[in-house]
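A.B. asks: Given the structure of chain A, go ahead and fit chain B onto it with the hints provided.
Here the protein sequences come in this chain order: A and B. Under the working numbering, think of the first position of the first sequence as 9, with each following residue one higher. Under the working numbering, think of the first position of the second sequence as 84, with each following residue one higher.
Be aware that a few hints might be false.
As the list claims (entries may be wrong) - DEER-style ranges, computed between Cβ atoms: (1) PRO391(B) to LYS172(A): 40 to 50 Å; (2) LEU178(A) to ILE247(B): 29 to 39 Å; (3) VAL317(B) to ILE89(A): 40 to 50 Å; (4) PRO391(B) to PRO248(A): 37 to 47 Å; (5) SER180(B) to LYS40(A): 51 to 61 Å; (6) ILE407(B) to PRO99(A): 34 to 44 Å; (7) LEU144(A) to LYS323(B): 53 to 63 Å.
As the list claims (entries may be wrong) - Once the Cα atoms are required to be at most 30 Å apart in a straight line, the calculated DSBU-like pairs of lysine-lysine come out as: (8) LYS92(A) to LYS427(B); (9) LYS88(A) to LYS427(B); (10) LYS323(B) to LYS288(A).
No lab work stands behind these hints, which were simulated from the structure alone. Note that CB positions come from ideal geometry on N, CA and C, so glycine has one too.
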Amino acid sequence: MNFLTYLINGISLGSVYAIIALGYTMVYGIAKMLNFAHGDVIMIGCYVVFLVMSGQGLHPVVAVLLSVIICTLLGIAIEKIAYKPLRRATPLAVLITAIGVSYFLQNGALLLFGADTKSFSSVITLPALKLAGGKLTISSTTIVTVIVCIVIMIALTLFIRRTKAGRAMLAVSEDKDAAQLMGVNVNATISLTFAIGSGLAAIAGVLFCSAYPTLTPYTGSMPGIKAFTAAVFGGIGSVPGALIGGILLGIIEILGRAYISSQLSDAIVFAVLIIVLLVKPTGILGKKIHEKV
Amino acid sequence: MAKSTKKLIKKTTANQLITLGMVVAVYIVVQIMIAAGVMSSLMQGLLVPMCTYSIVAIGLNLCVGYLGELSIGHAGFMCVGAFSGAFCTKLLAGTISNHVVLFLAALLVGTAMAALSGFLVGIPVLRLRGDYLAIVTLAFGEIIKNIINVLYIAKDTDGFHFAISDGNSIRLSEEGVWLINGAKGITKIPHLSSFTAGVILILLFLIVVYNLVNSRSGRAIMAIRDNRIAAESVGINITKFKLMAFTISAAIAGAGGVLYAHNLSTVTATPANFGYNMSIMILVFVVLGGIGSFRGSIIAAVLLTLLPEVLRGLSDYRMLIYSIVLIAVMLFNWAPKCIEFRQKVMARLKKNAGKEEA
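If we strip away everything but chain A, and leave its shape as in the complex, we get:
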């Protein structure tokens, strides 16, 4: 039963990673940049929920909605101010700018909200599910996290495949110039991608903080790095890859922590990543890059 509990916890943590990884993978697929500030958008989302719930006493659903809206706007603003002017610059320059934005958000949060650790109360207050005569308890947070992840994945896949805006996103990720010639508004599409990614980050942040209820201005950076790893793991640029990478990473982390060593759990996660990339150099679902001579 212990193993099953760990497995379920792993899937739950992995679902959070998968939702965050979506933000990385979509932005990478379209703008070909690593958005290092993504983890900090998560943190801002958490603070919004925390302040609205504890300060204003509003309903959790309202708080989460508000957080999604604020993060979406934040994502669009970051893209407009910091990344858009560098659209044609080298990827490294954009990467450093993203790091600058990440520092900015962390230190801004430090000033606005203070350095003290806030204890985040879970937004999900349903009773836990007891199975097998009380031997197996699954917390409501875990269940909601997994369900939310599945819903988001299905909705996003449908959005990308079925709607005009989604197809525009696909077109831009394939070939930016050709898409522009076909009448796709490239700038608007990139903004939309950032908006969706940041909105998802807010949801992921709320779920993460519900499971691990401590909130500081640096809360977002480690799950951010892990989710980025998950995105690469599954093959960066691929939406189902983010799901697979995220869930596998979550399971490996929790099982490694339980059975091998709690101090080495991060090392185990990264070691598995290295092995996978050595066998499949573009991740599990990544496209093979063909080189033209």
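C.D. replies: Same frame as chain A, but now just chain B:
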């Protein structure tokens, strides 16, 4: 034709001499300032970290600028250098009393260990490309940090004791000493680093990398960066030269780590000093200073280390301003519109200067 090539070589040599001269000049000015007592102790405390960051930035620039591979795990090599160097010092401190010899021994061991780990990491990593390579270097950096955190080594009359993850399993006799104590790291390291040692190391590594990039091997490395397939087709051994550049880059980062460790009495592998944040900070120095420019790396490392201290008066706002400066400088340097604007301003200035001369 022959004449112009000759001139070109002279120009690069002159450029390199300027960089070396600059470092020496700064060193002399700083020494005068210390002697005159105009430098605050806070500033003096920053001198060795500045040298450390400059050295690691030189190493990373070799990897990013000349090999053309993005590494975000150089803090890992720094960590290896710091720990193996400090370990060596602790071991030899009883037998060697001369500080210079002790530091040189630590430097040698630290650099060699970092080079070895760079070589071992490089074999698998350099098979990958682009962002995948970057994420694997990040992964290796984190793994190195994690492993050092669970490593326990102690010494007493019975000899050495090793343990992984369980430090309590080691029973020490009374005169036993901990060499590496897990997450507590290495303690009581003699203070062997100095600004002079740092500057000598900077000069040494500048000469090493300048010689490398202007040698046959250096040209091979740059050829691989510019076009891997073309380089391979003219008979350049890709694996060999990639590994060579990566190993040297890691070794230089390791030497920086040795300097770093001997400036502190206790060195621990925490996310703050050897985590990916440090790797990224070094990368910021390299990119801001100009990819491929060692002089730029040093200037950026010095200025960005100074900036938070200069802004100390603004206390809480300093890191916020630091980040804004970083974003603004990146936009100013790289945004196509800003480049256009700069060129326009420069052209106008030149025109005005021309008029005045006439």
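A.B. asks: Confirm or reject each hint.
C.D. replies: Going through the hints against the structure:
{"no.": "1", "hint": "PRO391(B) to LYS172(A): 40 to 50 Å", "result": "holds, 48 Å"}
{"no.": "2", "hint": "LEU178(A) to ILE247(B): 29 to 39 Å", "result": "violated, 48 Å"}
{"no.": "3", "hint": "VAL317(B) to ILE89(A): 40 to 50 Å", "result": "holds, 45 Å"}
{"no.": "4", "hint": "PRO391(B) to PRO248(A): 37 to 47 Å", "result": "holds, 43 Å"}
{"no.": "5", "hint": "SER180(B) to LYS40(A): 51 to 61 Å", "result": "holds, 57 Å"}
{"no.": "6", "hint": "ILE407(B) to PRO99(A): 34 to 44 Å", "result": "violated, 22 Å"}
{"no.": "7", "hint": "LEU144(A) to LYS323(B): 53 to 63 Å", "result": "holds, 56 Å"}
{"no.": "8", "hint": "LYS92(A) to LYS427(B)", "result": "holds, 22 Å"}
{"no.": "9", "hint": "LYS88(A) to LYS427(B)", "result": "holds, 24 Å"}
{"no.": "10", "hint": "LYS323(B) to LYS288(A)", "result": "holds, 23 Å"}
This entry does not satisfy hints 2, 6, going by the numbered hints stated previously.
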